[in-house]
Amino acid sequence: MADVKQPVERPLSPHLQIYRPQMTAISSILSRITGNALIVGVVLAVWWLLAAASGPNYFAYVNAVATSWFGDLVFALSLLAVWYHYLAGLRHLWFDAGKGLEVETAELLGWGCIIGSVVLTAITIVLI
Amino acid sequence: MRYLTDRKRAIGRGASGTGTEHHWYMTVSAVGLAVMVPTFLIIFGKALGQGYAEVHATFARPLPAILTAMVLVVGLNHFRRGAQLMIEDYTRGVSRKIAVIFVITFSYFLMACGLFALAKIAL
Numbered sequence: 001m002a003d004v005k006q007p008v009e010r011p012l013s014p015h016l017q018i019y020r021p022q023m024t025a026i027s028s029i030l031s032r033i034t035g036n037a038l039i040v041g042v043v044l045a046v047w048w049l050l051a052a053a054s055g056p057n058y059f060a061y062v063n064a065v066a067t068s069w070f071g072d073l074v075f076a077l078s079l080l081a082v083w084y085h086y087l088a089g090l091r092h093l094w095f096d097a098g099k100g101l102e103v104e105t106a107e108l109l110g111w112g113c114i115i116g117s118v119v120l121t122a123i124t125i126v127l128i
Numbered sequence: 001m002r003y004l005t006d007r008k009r010a011i012g013r014g015a016s017g018t019g020t021e022h023h024w025y026m027t028v029s030a031v032g033l034a035v036m037v038p039t040f041l042i043i044f045g046k047a048l049g050q051g052y053a054e055v056h057a058t059f060a061r062p063l064p065a066i067l068t069a070m071v072l073v074v075g076l077n078h079f080r081r082g083a084q085l086m087i088e089d090y091t092r093g094v095s096r097k098i099a100v101i102f103v104i105t106f107s108y109f110l111m112a113c114g115l116f117a118l119a120k121i122a123l
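Read top to bottom, the protein sequences are chains A and B.
Residues in the first sequence are numbered consecutively from 1, following the working numbering.
Residues in the second sequence are numbered consecutively from 1, following the working numbering.
Just so you know, these hints were derived from the structure itself, not from any lab.
Glycine included, C-beta positions come from ideal geometry on N, C-alpha and C.
Errors might be hidden in some of the hints.
Claimed, not checked - Chain A side only, calculated, beta carbon under 10 Å to chain B, not exhaustive:
| no. | residue |
| --- | --- |
| 1 | Tyr19 |
| 2 | Pro21 |
| 3 | Thr24 |
| 4 | Arg32 |
| 5 | Gly35 |
| 6 | Trp48 |
| 7 | Gly55 |
| 8 | Asn63 |
| 9 | Gly71 |
| 10 | Leu73 |
Stated by the list, open to error - Distance ranges between label pairs, derived from CB positions:
| no. | chain 1 | residue 1 | chain 2 | residue 2 | range |
| --- | --- | --- | --- | --- | --- |
| 11 | B | Glu88 | A | Pro7 | 39 to 47 Å |
| 12 | B | Thr105 | A | Gln6 | 45 to 53 Å |
| 13 | B | Lys8 | A | Val8 | 19 to 27 Å |
| 14 | A | Gln17 | B | Met86 | 15 to 23 Å |
Unchecked claim - With a straight-line cut-off of 20 Å between C-alpha atoms, the simulated SDA-like cross-links for lysine to any residue are:
| no. | chain 1 | residue 1 | chain 2 | residue 2 |
| --- | --- | --- | --- | --- |
| 15 | B | Lys120 | A | Ala76 |
| 16 | B | Lys46 | B | Ala69 |
| 17 | B | Lys46 | A | Ala25 |
| 18 | A | Lys99 | B | Ala34 |
| 19 | A | Lys99 | A | Ala25 |
| 20 | B | Lys46 | A | Ser28 |
| 21 | B | Lys97 | B | Cys113 |
| 22 | B | Lys8 | B | Thr18 |
| 23 | A | Lys99 | A | Trp47 |
| 24 | A | Lys99 | B | Gln84 |
| 25 | B | Lys97 | A | Gly41 |
| 26 | A | Lys99 | B | Met70 |
| 27 | B | Lys120 | B | Ala65 |
| 28 | B | Lys97 | B | Met70 |
| 29 | B | Lys46 | B | His23 |
| 30 | B | Lys46 | A | Thr24 |
| 31 | B | Lys46 | A | Leu127 |
| 32 | B | Lys46 | A | Thr121 |
| 33 | B | Lys46 | A | Thr124 |
| 34 | B | Lys46 | A | Lys99 |
| 35 | A | Lys99 | B | His23 |
| 36 | B | Lys46 | B | Arg61 |
| 37 | B | Lys46 | B | Pro62 |
| 38 | A | Lys99 | A | Gly41 |
| 39 | B | Lys46 | B | Val28 |
| 40 | B | Lys46 | A | Val65 |
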């Protein structure tokens with residue numbers, strides 16, 4: 001009668017801390033992080049455009065912020081983010097077509113997104 | 001409607017009934033942005049860091065003005081859905097509702113600000 005039922009010791013489903021980081025998971029969450037982080041660059045860009053529409057004095061003030069080390073940092077990271085999100089988005093379209101879903105190919109495409117975003121960011125900075 | 005079976009009405013619509021529209025919108029806007037964004041980055045990057053007169057001259061031209069307007073509208077609509085999806089994945093209850101409402105209104109606010117600025121510069 002004192003035989004209280006012990007909860008059954010079932011194996012727990014492995015979660016993020018258990019798994020070794022994998023390229024497919026990392027490249028997926030990076031896509032979400034970059035896409036959402038881009039709002040920072042968009043806010044700064046829209047503020048800068050609004051300032052240009054407001055007049056030379058206010059533009060001088062906002063332009064100083066947008067071209068300061070802080071502005072450079074935001075726009076440089078935004079470039080990296082936009083190119084990563086761009087390549088990861090193309091990869092999504094490719095996946096949606098049912099292609100590239102083999103593990104080796106998906107991992108290769110993940111590396112392609114990361115390395116490609118750095119290369120495209122460098123090219124863009126050279127061009128502008 | 002009653003001639004349709006339950007299965008026929010449910011198929012392809014997902015648990016929320018609207019997943020298909022979301023996915024298709026993201027696909028269409030992704031393709032549109034993929035076409036527009038590289039040119040936009042060059043135009044915006046070249047204008048950034050220039051003086052007041054040069055910035056006005058750039059965004060008074062049709063191509064930079066129209067392209068920037070389209071990137072803003074399509075990009076922020078794309079952002080709005082992506083950010084809403086993230087919120088719906090990680091939050092629940094009242095905070096979810098507040099965050100979703102904030103993301104939607106803030107996206108449209110940014111669109112309005114950007115379009116107003118472009119119109120004022122270009123016209």
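Q) Broken hints, numbered, in rising order? A) Hint check: 1, 2, 3, 10, 11, 13, 15, 17, 20, 21, 23, 24, 25, 26, 28, 29, 30, 34, 38 and 39 fail, others pass.
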